[in-house]
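Engineer: The lines below spell out each chain.
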Amino acid sequence: MGKNILVLGEIRRGKILNVTYELIGKAKELAVKKNEKVSVLLLFDSIDKKPEYLFGFGADKVICIKNKSLFFFNQEIQISVISHMIKNINPEIVLCGATSSGRTILPAVAGKINTGLTADCTGLDIEESSGLLLQTRPAIGGNIMATIKTPNHRPQMATVRPKTFSIPQRIDKSGEIEYINLDKKFFESKIKNLSFTDLNSDEKNIQDLDVIVSGGKGLKRAETFKTLYNLAELLNGGVGASRPTVEAKWIKYPHQVGLSGKVVSPKLYFAIGISGAVQHLAGMQTSEFIVAINKDPDCPIFKVCDIGFVGDLFQVLPKLITAIKEKKRF
Amino acid sequence: MKIIVLIKQVPDTDNVKLDTKTGTMIREGLGTIINPLDLNAIEEAKKISEIIPSEINVITMGPPAAEEAIKEAIAMGADKGYLVSDRKFAGSDSWATSMVLAETIKKTGNFDLILAGEKAIDGETGQVGPEVASMLDIPFSTYITNISVKDNGVEVVRTVEDGYQNQFLPFPCLLTVLSNINEPSIPNLEGKIKARKYISDKIDSSKLKIEDEYLGLKGSPTRVVKISTPKIQRQSSIYKGSEIDDGIKDLIKELQKMALI
Ligand SMILES: Cc1cc2nc3c(=O)[nH]c(=O)nc-3n(C[C@H](O)[C@H](O)[C@H](O)COP(=O)(O)OP(=O)(O)OC[C@H]3O[C@@H](n4cnc5c(N)ncnc54)[C@H](O)[C@@H]3O)c2cc1C
Ligand SMILES: Nc1ncnc2c1ncn2[C@@H]1O[C@H](COP(=O)(O)O)[C@@H](O)[C@H]1O
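So the protein sequences, as listed, match chains H and V.
With the working numbering applied, the first sequence corresponds to residues 1 to 330, in that order.
With the working numbering applied, the second sequence corresponds to residues 1 to 261, in that order.
Honestly, the hints are just simulated from the structure, not real lab data.
Values in this document were obtained by computation on a predicted structure and should not be read as measured data.
Just to be clear, a hint being listed does not mean it is correct.
Unchecked claim - List time: in silico SDA-like cross-link candidates among lysine to any residue, alpha-carbon distance up to 20 Å: (1) H:15 <-> H:197; (2) H:262 <-> V:236; (3) V:257 <-> V:223; (4) H:267 <-> V:234.
As the list claims (entries may be wrong) - Restraint-style ranges between C-beta atoms, simulated for each label pair: (5) H:314 <-> V:217: 33 to 43 Å; (6) H:244 <-> V:261: 25 to 35 Å; (7) H:130 <-> V:151: 49 to 59 Å.
Glycine is no exception: its CB is placed at the ideal position from the N, C-alpha and C atoms.
Looking at chain H on its own, in the form it has when it is part of the complex:
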């Protein structure tokens, strides 16, 4: 196989994550420009789809490594297998999801194989004159966008935020599958996985959701989050939060949106009783549609919203919920 772009697929406890499909689609687009092939590397113990399923999204070749030590995430094993495979495959470009796993593995791989890595990209393109990968990422809380190149080191590596690219329409297409057997030393680790506790249903990962209803200090007390859950449920979404509400223990940390919490980019984001400090905006300002409810007409959240309600959330929110329920009945 000639030059290629390698996508590191992510399989979390047996399930292929959507970011894998997103990246294969993007890789195909880039590969067409460079006249290269798309390879996908899958590390797993069990898998919810046949590896062949990935061809339809743009993969030319799927390389599988199956081992029981790969069911739970173990960074040491992932790093040793992936570094080894990158050296063998020798790709021009490596793409990986900017998930907790990707953001853990790839920097260490970059350290092992001595190449550059751009974190959390939200844009990828090929520079026509040089054929180099142009990696665009937000910096300083999303206030600037930096475009980064890796001119002299190979591969050029990037982690890409989930949901940056859409999942391509699946087509009928075939490709090549290869199963690789590695020596058992690759699957040994000094790190022991002791246990894994799932998030409660109320802690489900807000980064995966299309609708997020977030609350801030303006909610006044923990109980108000219940009303936010009501709204979120009506729209099949989840609940987010500003930092002070997490610090006040009204809600748990996995819900925190912002610079020191999660970066989210849903179709619809509600900021309720949130002032819109830069550190909060950093986590949500790329949402497709933003609705704000706040009693202070001058607060910064109104500068980034699509629809804003200047008023008391304790009045606006019930009205909104009633109106949605009305509509849903018909």
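Fit chain V with the ligands to the given chain H structure using the hints.
Structural biologist: Just chain V with the ligands now, with coordinates in the frame of chain H:
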């Protein structure tokens, strides 16, 4: 035990103002602080040393003014600080930064545990911790929200998207921490007095075993080729007072367009 904490001096974005025309942060005149998550890392080192007496060393790579960050760490309870500074380090990306930090760590002798922040608020790459660990060839873990020290290693909780992963890592190892691991404490008077007189150990490129071609901008695999300021244009419709009912109607229409109801 010896615990190393990697700390970075960053602009104090808490007091940041936005340039309303360009939408960018006004960086001039901002003070500097220790990266907030690195304060959590220092605090955690202190908590560990209360259980198992430990020497806490902080290392920072930055301009000479980063001495201030070391003093602050000393005030918080660190025992020793290394300021890694050289013009040749300017323009380092995360690979080149990690290289310098890893070599510095080797130079400063044996250690049991390295703590770092999960990411820094200025570069926000979150890459330095894992890269340093990989260059030192030691096990590491990330997104840590709880550490308990055992005989020959640590038991940790990684808080990730779908749950809490408990891992055991043997010493020596590196951990990157999240903000909810602890509440950083305010330096006391004794700490402040100690910090005022403290002079850090200085390390420059001549003391490290790295060839010049791997240093700074020259040694960085990545290059920033363009900076732009995204202006997300939104047609904000603001409703107040008696307009709110109309606003709700408009919002309902949008929800229908998005096929949410
Ligand atoms: C390094 C660093 C990292 C940070 N990271 C984050 C982060 O990840 N996420 C984050 O969110 N913050 C973060 N912050 C904190 C951030 O600076 C702000 O302090 C925080 O976002 C403010 O939260 P808030 O909007 O809920 O509270 P406030 O700023 O107190 O705003 C509350 C709002 O509610 C409104 N309000 C009050 N009562 C009502 C009512 N009855 N009806 C309607 N509106 C009402 C008020 O007008 C006000 O605008 C960080 C700060 C630092 C320094
Ligand atoms: N120049 C530096 N000096 C010391 N530690 C650093 C430096 N840069 C990054 N770190 C450490 O690495 C963490 C992640 O930083 P970053 O990869 O830049 O997001 C920080 O929280 C620090 O603990």
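Engineer: Each hint: holds or not?
Structural biologist: A quick look at each hint next to the structure:
| no. | hint | in the structure |
| --- | --- | --- |
| 1 | H:15 <-> H:197 | 17 Å, holds |
| 2 | H:262 <-> V:236 | 25 Å, violated |
| 3 | V:257 <-> V:223 | 42 Å, violated |
| 4 | H:267 <-> V:234 | 14 Å, holds |
| 5 | H:314 <-> V:217: 33 to 43 Å | 54 Å, violated |
| 6 | H:244 <-> V:261: 25 to 35 Å | 31 Å, holds |
| 7 | H:130 <-> V:151: 49 to 59 Å | 54 Å, holds |
The structure does not agree with the numbered hints 2, 3, 5 stated previously, though it agrees with the rest.
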